[in-house]
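Colleague: So you can see what is in the structure, the chains are spelled out below.
2 protein chains.
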Amino acid sequence: MARKNAFYAQSGGVTAVINASASGVIQTARAYRNQIGKVYAGRDGIIGALTEDLIDTSKESTAAIALLRNTPGGAFGSCRYKLKSLESHRREYQRLIEVFEAHDIGYFFYNGGGDSADTCLKVSQLAEAMNYPIQAIHVPKTVDNDLPLTDCCPGFGSVAKYVAVSALEASLDVRSMARTSTKVFVLEVMGRHAGWIAAAGGLIEDHGVPVVVLFPEVPFDEQKFLARVEERVARHGFCTVVVSEGARHEDGRFLAQQGPRDAFGHEQLGGAAPVVARMIRQALGHKFHWAVADYLQRAARHIASTTDARQAYEAGAAAVKLAMEGHNAVMPAIERISDKPYRYRFGVAPLSEVANVEKHMPRHYITPDGFGITEDCKRYLRPLIRGEDYPKYKDGVPVYATLKNVPVARKLATFDVR
Amino acid sequence: MARKNAFYAQSGGVTAVINASASGVIQTARAYRNQIGKVYAGRDGIIGALTEDLIDTSKESTAAIALLRNTPGGAFGSCRYKLKSLESHRREYQRLIEVFEAHDIGYFFYNGGGDSADTCLKVSQLAEAMNYPIQAIHVPKTVDNDLPLTDCCPGFGSVAKYVAVSALEASLDVRSMARTSTKVFVLEVMGRHAGWIAAAGGLIEDHGVPVVVLFPEVPFDEQKFLARVEERVARHGFCTVVVSEGARHEDGRFLAQQGPRDAFGHEQLGGAAPVVARMIRQALGHKFHWAVADYLQRAARHIASTTDARQAYEAGAAAVKLAMEGHNAVMPAIERISDKPYRYRFGVAPLSEVANVEKHMPRHYITPDGFGITEDCKRYLRPLIRGEDYPKYKDGVPVYATLKNVPVARKLATFDVR
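Chains A and B, in that order, give the protein sequences. In terms of this note's numbering, the first sequence opens at residue 1 and continues consecutively. In terms of this note's numbering, the second sequence opens at residue 1001 and continues consecutively.
Take these hints with a grain of salt, some might be off.
[To be verified] Simulated restraints, written as ranges between beta carbons of each label pair: (1) B/1151 / A/283: 42 to 48 Å; (2) A/226 / B/1326: 52 to 58 Å; (3) A/363 / B/1281: 36 to 42 Å; (4) B/1222 / A/133: 52 to 58 Å; (5) A/234 / B/1148: 38 to 44 Å.
Source of the hints: derived by calculation from the structure; they are not laboratory data. C-beta: ideal position from N, C-alpha, C; glycine also.
So here's chain A without its partners, still in its complex pose (with noise of 0.2 Å):
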């Protein structure tokens, strides 16, 4: 086999461990070096390889390459970018292959979610379609934990974890306040279309505090939702409750979409938090305070869950062993083993499987209530946010890496990204 180089880059939304999944993959690289010359990664994803704009990961010192498994965000840029079809756009693809012949790439590590796993499918079909030569390797990333196929996505665990100690602490703050001032507070989250994040605020019910939760899986049902409030204040004194950004009413529209335009004719730019606190205000007179995590959830390194960081990094080096094998459109896959003690092994995962497919909560994860997750979803969350796994310090701030990111230089024409 002749020694190739290796094509990587983030897609999507970053999380606080896809450079571990980079560390990963780059480390892994440097082990084989009889088959992988050099690791180009991407600039700002595909987009990097479609303008040529490439990035010599030999360059970084092996401090810099460890180091950036505990360093949140995108260290190579990411993209929302999405290769169209074939057929449609073949000067994409025939760029694509100038670039990855012009610079010699065999290999190409893709790391994103679903909308990156159809990308990475396309590249692999370059090889039939275009007659050129590459493995295509999706690697698994997103906060979301909508990846079909795998027990859980990298990324995932360290916002359950994030999500699971904030509304424990919050709720901790607003029990002490409940006498004479809040009485409830609403912590607004990521998923749009599935409702793990949002889970993972029922697991603080062990911790004594009463909570409610509103995932985008079950339809919003205004009384049903404020009974259960005032049931939880009266009894409690107070409640948390968490909300999912993608919790929606009945007739599909999200509750973040309720607010009605303003003066200006300006969509309200309020979050589902705001709009929650404010239905609970009216119908119960309690007194709110809302908070939405927003970025601050999924690049919470600083509290980042062990199995988490570990995963991402060894989906990255699972990647690159794929490879090895021979492997092309496939994705490493988590497969679970036992749940307590938790164990688990990658597997593998055809990305024609993977694109563009959706996992929500199964129904027996959420109580009949709706309002809720069972002991069944619990058993799945809590090795998921096991472990802290902390970065180092300097007067009192992370040490997170700053990259060198030296370009490879160019050996083609421009290329204009429409």
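Starting from the known structure of chain A, fit chain B onto it as the hints suggest.
Modeller: Chain B alone, transformed into the frame defined by chain A:
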């Protein structure tokens, strides 16, 4: 000196480390067993004293009181309730004396901010004004860091650390997304009257992050602000904005109030962050994300600063020692001896000079353009966020204390808190 019992209560918004002060008061009082009998905690602050709702902390184990040091929220409940003047509300003060007398209370420790210092001062005057012998000592606590006569306030360092760490992490996220997606991230933080918390966001500039800070102390100038953001985006590709909830226009209106009422006549619930984000979108066209940290920031015990947790404990211990030395109407105050190495000691501040006084950011801590912090300010902040005082975890979630909170048997008739 006859042995007397002590009363301890928590007041106002709680913090990640107010329970460390409680732990300091209780453990230190236990060491003075010849002078101090039991420590009775007020359930829900001063309301616990008025309603004779006392908690017997002697029923808590040594281990529980030690764990309290690492537990966020207010373990005995807090309140937003300010005693009126002695002249106009004699009835309340007489009730306090009845309760203190019935439970042989000679020491009053009140753990709070500026308003609470005023309550503590009023109680301290009971000795002279109503001939009831009591020593009232204030234990400083406020995330806002706005108490005078103390170099910093327990509670602030941990919020500052949370803001610096979170802003840095989210900035690494937006930096990776900026090519095709989000270019500006807006983080709203607490501090209605003073910009200390927002200032902590300015620390991440030293990590290569372009950050624009909006302080309550600097009247908001929309054109200058937008120009500043645009310059940052043009140069770095992205920008982070840290906005204080107290940021306001020249005429005193809060930015958060800018939104007009909606079609139903409701007040706009979005905070300052969505207002600022929309402004940027409209004027500059950049895609944005925004977060409102709210209670998450002040409850985030998982990322508490070691300096802060230690000072909170020591403030509680110092308060008890001041009482033992015969003081009344005072507060232990932190006096900074040097920045580097960071050294401090506890002095004594008279409550008459503390109550109802707010300490704002000095102008020389804010850069001339009004959007950042100076080297003086960084020198001030750095030691306060230093060190990671991690709690213990079980199954991925912190182990926080839950006290038994055994009530003391009531001896008096009930009393209506108005």
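Colleague: Taking the hints in turn, state whether each one holds.
Modeller: Structure-based check of each hint:
For the pair residue 1151 of chain B and residue 283 of chain A, the supplied restraint of 42 to 48 Å holds, since their beta-carbon distance comes to about 46 Å. One distance hint, 52 to 58 Å for the beta-carbon pair residue 226 of chain A and residue 1326 of chain B, holds here, with the actual separation near 55 Å. A beta carbon spacing of about 38 Å between residue 363 of chain A and residue 1281 of chain B agrees with the range 36 to 42 Å that was offered as a hint. Look at residue 1222 of chain B against residue 133 of chain A: about 57 Å separates their beta carbons, and that is inside 52 to 58 Å.
Range check, residue 234 of chain A to residue 1148 of chain B: Cβ separation about 42 Å, and the 38 to 44 Å hint holds.
Checked against the numbered hints above, the structure breaks none of them.
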